[in-house]
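One line per chain: the protein sequences are A and B, in this order. For the first sequence, position 92 matches number 92 in the numbering used here, and the numbering has no gaps at all. Every number in the numbering used here is 288 more than the matching position in the second sequence, counting from 1.
Accuracy of the hints is not assured; some may be wrong.
Every beta carbon over 12 Å from chain A, so not counted as near; a handful from chain B, in silico [as the list claims (entries may be wrong)]:
#, residue
1, L290
2, A310
3, Q335
4, G344
5, G363
6, V373
7, G391
8, L415
9, S463
10, R501
11, P551
FRET-style restraints, in silico, Cβ to Cβ [claimed, not checked]:
#, chain 1, residue 1, chain 2, residue 2, range
12, B, L339, A, D130, 33 to 43 Å
13, B, L360, A, D57, 49 to 59 Å
14, A, V47, B, A493, 50 to 60 Å
15, A, R181, B, L360, 46 to 56 Å
16, B, L304, A, V200, 39 to 49 Å
17, A, R118, B, S463, 51 to 61 Å
18, B, K506, A, V200, 50 to 60 Å
Keep in mind that the hints were calculated from the coordinates and are not lab data. Being a predicted model, the structure only gives us computed values, none of them experimental. Beta carbons: idealized from backbone N, C-alpha and C, even for Gly.
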Amino acid sequence: MTDIADIAPLAPATPARGGRRLRLTRAGWVGVAIIAFWTSMALLAPVLPLPAPNASDLAALANPLPSAAHWLGVDLSGRDILSRIIWGSRTVLTVAPIAVAGATVMGALLGLLAGYYRGAFDSVLSRISDVILSFPVIILYMIILTRFGASALNIVLVITVTKAPIIYRLVRAMTLELAGREYVAAAQMRGEGAAYIMLVEILPNARGPILVDVCLRLGYTTIAIGVLGFLGIGLPPPTPDWGGMVRETYGMISLYPHMAIIPCVAISTLVIGFNLLAVGLRRRTRRG
Amino acid sequence: MLRYAVRQLGYMALTLLGVSFAVFVLNEFAPGDVARKLLGAYATPEQVEHLTRELGLDRPVMVRYLDYLGHLLTGDLGQSLTFKVPVADILWDRLSNTFLLAGVAFAVIVPVAIVFGVAAGIREGSLRDHAITIGANFISSLPEFATGVFLASIFAVWLGWLPGTSPLSRGGNWSIAAQLVMPVLVIALYDVGYLIAMIRVSMIAVMRQPFIRTAVLKGARRRDVILKHALRNALITPFTAILLQVNYLVAGVVVVETVFAYPGFGRLMLQAAMSKDIALVEAGTLVAVLIAMTTQLVGDLAYMVLDPRIRVQA
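Excised from the complex, chain A in its bound form (with noise of 0.2 Å):
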């Protein structure tokens, strides 16, 4: 799959010393709105007066269409399509960001080091995630889920290994770049430790890009999950996934259109959602 990021231009942080804050373009401020809007749906889902997810109405079946007790109209077994979509977005928005920070925890790490220690153990590494970018990934989310099964934690494993090469790559180029500047060598003179330098000294001054490249990484993944739900090795049936609930009805759009637009809206909302917050991040850390 591809993506926006590999363009962003690498724009190293002036040092953070100033404890300069981080603001926002108000295309970046619609993209937080929209994940303030979810994030509050999937945290308020237990509080709100909404059928269970799983509960199938078969009175409904007969008119399956939005009406006064199902606001957004009932699935093909009689659930309701409003509770399955708020009870969906806790699904993407548990996985989505755990698989992310598991990507950039890893991919940052080993990036930190291959960049400043350089040497084999780079070239080692960079191959590595050469092959693992160059692999059509989504054969592999096939092979690892059919043969391990589609739990949670599969998802956020396979997630986490081939999202980490894309943030290892940038956090190698900016460590590469940084890690010849005075004040890194200021440091080694002070005596600092490897360590100390990799974290207090570069990382700060990498973050903007780093804070960008997540939320790029965040909209691909809610994509991801969308899609292994879709193409039927996503979470199990009857967990509300939205990719899923789009796979059981998108036979029937002659019918009931309404069905499978309707968490088709909503994954494409949250996504534009993290795009925009990338967006609007981004202008900002240029003119940093």
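Could you slot chain B onto chain A? The hints should help.
Relative to the frame of chain A, chain B by itself:
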């Protein structure tokens, strides 16, 4: 450059070997499973054991892997367990369908991306630039299955202009060309935003170069400056990215193939993975990795030809 190419080919062979082994070993985590799966739940243990022996699954992993490699080198990809035919028979057929879809999509994506990328990049910060950037960002935010559902709802369900599925069957109500329209459109929409952004950034960088200012100051027409001076240089950097789309187009289109029931390679792989059809999964993975690595190598080499300033140390 020759030494570079040879070395890369060596790496490629090594990677393929590693991948083939990894996939093979991965399949080992569910042993015995295959014979049971083929025979169904009511088979006796003796029957399962008999088939396991017949398929040679009772031998150690390394022996079977070497055996598989030997067959692979003579061009024998093995038997598909689910389709009951040689893997090669079904694989090439499905691959050619995917190549058709990917080829048409590629032919649409590249010119569109260049036009919009250049149009946005020649005037950084203009209204047109903003509109194109936002548009590109928006369409690449939509998952393919969502675009597929949206477009199918409009053009197949509501307007009835296009078929909702594309099984590539002849003699139905819809021509092959009509069946290709929506799958191509969905792929193009998902993929083009990235290339537009890529070409735009490259164009912006080139437009700031002194030779562009020289061309403008010497009185060259704006059209000539853009097409002759800027565009050629602006396409060097995105060239690799454009080629790498081939990679996505071959394996990544599984979603689009699923939405439109298109008989392609990606869907074949999904089916094979779900039914644990090892020979098919293994062969398909190798083909996909081979395509990915070949496009990368071609991209690197073409990059060096296009830009004589780049010299890779061999």
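Looking back at the hints listed earlier, which ones does the structure fail to meet? 2
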